[in-house]
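Asks: Below are the chains, spelled out letter by letter.
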Amino acid sequence: MAATPADASSSSSEAVVGGEKSNKMITLISSDGESFEATEEAAKMSVTIKHMIEDGCADDGIPLPNVPAKILSMVIEYCNKHAADADDTNKHVADPADADEDDDNNNNNASAGEKEDLKSFDASLVAVDQATLFDIILAANFLSIKGLLDLACQKVADDIKDKSVEEVREIFKIENDFTKEEEEAVRKENAWAFNE
Amino acid sequence: MAMQSAGPGVKRVKQTAPHIHEEAPPGAKEEDDEESLDRISRLPDDILGEIVSLLPTKEGARTQTLASRWSHLWRTAPLNLDCRDLPADDDGILLGAFLSAHEGPVHRLCLPSRHLRDRAAAVDGWLRSPTLDNLQALEFYLDTPVRYGSFMHSPPASIFRFSSTLRAATIAQCHIPDNAVEMLRFPQLQKLELVEAKISEGSLASLITSGCPALESLLLKTCGSFHIRGLRINSPTLKFIGVFSMFVELIIEDAPSLERLLHIILHVKMRLTVTSAPKLEMLGYISEYADSKMTFGSTSIQDLRIDSLTTVVRTIKTLAIHSNFNLHMVIDLMRCFPCLENLYMKIPKSTAGVANSWRRKHRDFLTSHDIRLKTIFLGYYQGIRAHVDFVTFFVLNAKALESIRLEVGSRDYNERYFAEQHSVLQMEKRDSRGARLCFKTPCDYDAPHVMHVGDLDSPDPFACGC
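Protein chains in written order, with the numbering used here: chain A, 62 to 257; chain B, 1278 to 1743.
Just so you know, these hints were derived from the structure itself, not from any lab.
Nothing false has been slipped in among the hints.
Partial selection, computed: residues in chain A whose CB lies under 10 Å from chain B:
#1 L179
#2 C214
#3 R230
#4 I235
#5 E243
#6 V247
#7 R248
#8 F255
Even glycine gets a Cβ: it sits at the ideal position worked out from N, Cα and C.
Between the sequences and the hints, there should be enough to build the whole structure, so can you do that?
Replies: Here it is in structure tokens:
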């Protein structure tokens, strides 16, 4: 079998797979003054932070006045998990026929099991009380983390699905400020939506 | 202020920076206030619109009656319009009304394919509605089974106006003539599902290669009249292919991103030639009984038996086969696919067992090979000698084994049987301490549960969630 090509190893830090992967740590500061660290790779899952890094504003830590510590730690957890997953799928062996035994083991794409783990991680991240869920949404929106925003919005949609209008009002404490006539009118206009 | 402990891997730095912002952040309200607070209505409009647009059409429309703040959201939010959500007798009237009245964009439109036949002009008109300008997903779904030989209509010309925005398309019961294919360009299309679509193999190949330069998932379903013969796949982006047809002949000429090839039906003939698919890791179901042939370069496998083995195929990690529990055959397959980690086997019911005694016969294989299998799924396990020998081979020799799942008849699905099998299969002497033995009841549906193109990338398409 052919010898392993020098640049096909995955563990070497000189390996370049579509741009350099730096191990630099970024400091993020929550609204209540707590500091968190994340790898640059994970932090860049936030487009907002990515731009700040690229504009050179990140060197002394990035203050996030809109994001409390409790939420920021969850957001960073999400980014860590998903950055690692994105990294896995980017690794590949140059030519499988040439790779030796070790490379095969190191360069596995995320197995079915790992993808299941990511799914259940995501599910448990958003299985929180309403207040926290909405805070996650606001943070993900502010930080421009599409995956997290989609995930959290989908959770809210799932909570609304299959419930009557009255039940939705109850769950989310929405005050019905329609007059009787107004509500009648909207219901009538959308009668088809209320027939089962 | 209570601090929740950070999750694993979240590094908190010891020193805290001075307070940056004096106002209390949203998460810091007192307990009793939270109980009565309508927090959802305080989300910005575009996020609420996003949430509303994730709901099925009817429920989305109902949100208008929640409160005055919500009354305009549905109308202006991106709309997913699925005719399956509308009253069955609607026949397009409501649909037409939505398309003209909705103020927001329509991102997804699903129409029954019968409209193409019965209301072609109306469909053309709907598709030209400006509300559909940024349509991302268009689906003509199959609602009535197609009669063999029935005339197929072509998709309306207006379909081409979505070329620049369409990300997903499902076309059912359509005839796509060769001259039409030349004009089709969908630069953003990632998912394509063709159900009972009449299109020549050459045109289909060209549609995949040049018509859809960003294609990632492809599902081809045909029944009865149409087969997939001699389809050549050339695509730099295609990752997942699913096929459901009475006869399948695929030639993977150049597919550098292809990860999965799912053959969603047992018992049918499949011819597969792989010239270049360096990332192909999931393959199946391949049947032993249907004159199936697979060729990887100069290595060829006929009916799951190795014809010639010149180069091993290292990329395959997951294999699903429809065959008897035949150890000799599986060992040969493991020689051909040395990195195999997940094996799914479905046996035709009431198949007689083959002799699977292995201690002497396969000693050489065991001394010269590492079995890398992590998961094994066997359906329909009957506990006969042949099956027991088959399973114990792996229990006692597969160092990396994590799970063995046995699908058993409902009669055997009880604690006593499980305990008995645990002993018969020598689980206490298992080679991999982490290995677990599980049982499940049979599923009515034999083949992978892939119904739509979106299912092709699910984490475990061969697993039955029933």
